[in-house]
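K.L.:
Taking the hints into account, I'd like the entire structure generated from these sequences.
Number of protein chains: 2
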Amino acid sequence: MPNIKLVIAYDGTGYGGWQRTANAGKPCIQALLEERLTALLGETIHVIGSGRTDAGVHALAQTANFRCRVRKEAGELCRELNRALPEDIRIRSAEVVKNSFHSRYDAAAKTYEYHIDLRNPANVFTRRYCYQEQGELSEERMRKAGALLIGTHDFAAFSTSRGDGRSTVRTIYDLSVERRGDAMVIAVTGNGFLYHMVRIIAGTLIEVGRGERRPEEITEMLAGGTRSLAGWMAPAQGLYLKEVQYEHI
Amino acid sequence: MPNIKLVIAYDGTGYGGWQRTANAGKPCIQALLEERLTALLGETIHVIGSGRTDAGVHALAQTANFRCRVRKEAGELCRELNRALPEDIRIRSAEVVKNSFHSRYDAAAKTYEYHIDLRNPANVFTRRYCYQEQGELSEERMRKAGALLIGTHDFAAFSTSRGDGRSTVRTIYDLSVERRGDAMVIAVTGNGFLYHMVRIIAGTLIEVGRGERRPEEITEMLAGGTRSLAGWMAPAQGLYLKEVQYEHI
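Line by line, the protein sequences give chains V and P. Residues in the first sequence are numbered from 1 upward in steps of one, following this note's numbering. Residues in the second sequence are numbered from 250 upward in steps of one, following this note's numbering.
Worth flagging that the hints you see were computed from the coordinates, not collected in a lab. Among the clues, some could well be false.
[What the hints assert, rightly or not] Quick look at which bits of chain P chain V covers, simulated, 3 or more residues with Cβ under 8 Å:
1) 250-256
2) 364-376
[Said to hold, decoys possible] If you want a taste of the chain P side facing chain V, the calculated C-beta under 10 Å gives, among others:
3) Tyr259
4) Asp260
5) Ala308
6) Leu309
7) Cys327
8) Arg328
9) Asn331
10) Ile340
11) Arg341
12) His445
[Unchecked claim] Simulated DEER-style distance windows between Cβ atoms:
13) V:Thr160 <-> P:Asn369: 35 to 41 Å
14) P:Gly441 <-> V:Leu148: 56 to 62 Å
15) V:Val96 <-> P:Asn369: 19 to 25 Å
16) V:Val96 <-> P:Ala333: 51 to 57 Å
17) V:Lys26 <-> P:Pro276: 41 to 47 Å
Even glycine gets a Cβ: it sits at the ideal position worked out from N, Cα and C.
P.N.:
Here's what the structure looks like:
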């Protein structure tokens, strides 16, 4: 049975997230993909994603895989699937991968980006695609704070995960804060992320950038391990799953 | 009575256009502005726009003016109005201008841009803000065709205006076709535009760019003066009112 890897871009605005959650009412992307693939291939398809994205979060390159009986040329499958999907979800590529490939277990690292538009007045065309801050943010302060998050830490303060006994230790390989024209982009690469972790990191760095918190407070937040120590959770529309890295496919 | 000039940006996606038309159901921008200004200033406000934009068309800098009894500092009015307006409409500036200023009669020239995103597969984040073409377009052919439109011509073939006896002669001062990364941008500056004129020009140039029409056909279209001679009308979401120029304010 061929094992197919998909790279998927989506505008999260109209969705309740990758996977069915409490956000009933809005469709979820995984279920929609399964439904369209099942109709297209004539067999029940289960899609495995690299991980969940929250309601309203976007993806430049989410990855997923599925197994099917039908043998179809991957490029053709990609085109047919794009025709069957709504235009806010696009399959960027489809390829046959080795049978053992698992998009979640094999993911070595993920990169998320958080986009902040600093224009004042706010730009009307970026509302759905970034968080809009109407004031200056200190890039230098944000970088200082961000640097303290790099490494292996207990990120309990940066998560809204319920205490289910699972480890809240994760490794952040890289965190950058970069000015891109009128925007500020926070990019974080790590081996895995807790529930809401990137949005709480972004919100905390924004508070540091505004001058509401000192960069050094990051150390206390990591040590304290309590959600209330860290900052605000920045809104979903600024967040993008940018890349999922695999060592060998 | 102070005469106030506004420069307005809007995301046209959710609107039936600048002015009330047949597109019932969706609010129009002018009426919304009048409603919010009337509430804010406590007197009935009539807003004069530089001209209409169709349902779904965007503006980077639409201009309008209104007279009011209340004397309020223009910067403060701008901030208060932005707080009162939905986030897809932003006042970029407000200034007191001489009493005789009329945003429509005094407009010397307007510039529109038509944005085409050429990425394949289509980018999920630009759907509302450009026309997406999944194939190459010849910039050279489009430029050749565009150059034939520059000057004073009868643009009857490039309009869906009903024959109401009014002149269909207009002057295009400049028309450029420019590649910007993955996008192609058609910019047109003229002394005035007929109903749907820029969208029909864009659609016709796209057909020329695809190789479906020869650039030289433009001459025949202009001479023939019949709508059926010109090309397709490109969709509203790619069109932006970019600037309205005034000689003296």
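K.L.:
Are the hints correct? Go through all of them and say.
P.N.:
These are the hints, each one checked on the structure:
1. 250-256: violated (count 0)
2. 364-376: Check passed, 6 qualifying residues.
3. Tyr259: Holds: closest Cβ of chain V sits about 6 Å from Tyr259 of chain P, inside 10 Å.
4. Asp260: holds (4 Å)
5. Ala308: Given a least distance of 9 Å, the restraint on Ala308 of chain P holds.
6. Leu309: holds (9 Å)
7. Cys327: Status holds, d = 8 Å.
8. Arg328: holds (9 Å)
9. Asn331: holds (6 Å)
10. Ile340: holds (7 Å)
11. Arg341: holds (6 Å)
12. His445: Constraint on His445 of chain P not satisfied, violated at 22 Å.
13. V:Thr160 <-> P:Asn369: 35 to 41 Å: holds (39 Å)
14. P:Gly441 <-> V:Leu148: 56 to 62 Å: Given about 59 Å between the Cβ atoms, the range holds.
15. V:Val96 <-> P:Asn369: 19 to 25 Å: Between Val96 of chain V and Asn369 of chain P, where Cβ atoms are some 21 Å apart, the hint holds.
16. V:Val96 <-> P:Ala333: 51 to 57 Å: Once the Cβ atoms are compared, 56 Å apart, the range 51 to 57 Å for Ala333 of chain P and Val96 of chain V holds.
17. V:Lys26 <-> P:Pro276: 41 to 47 Å: violated (24 Å)
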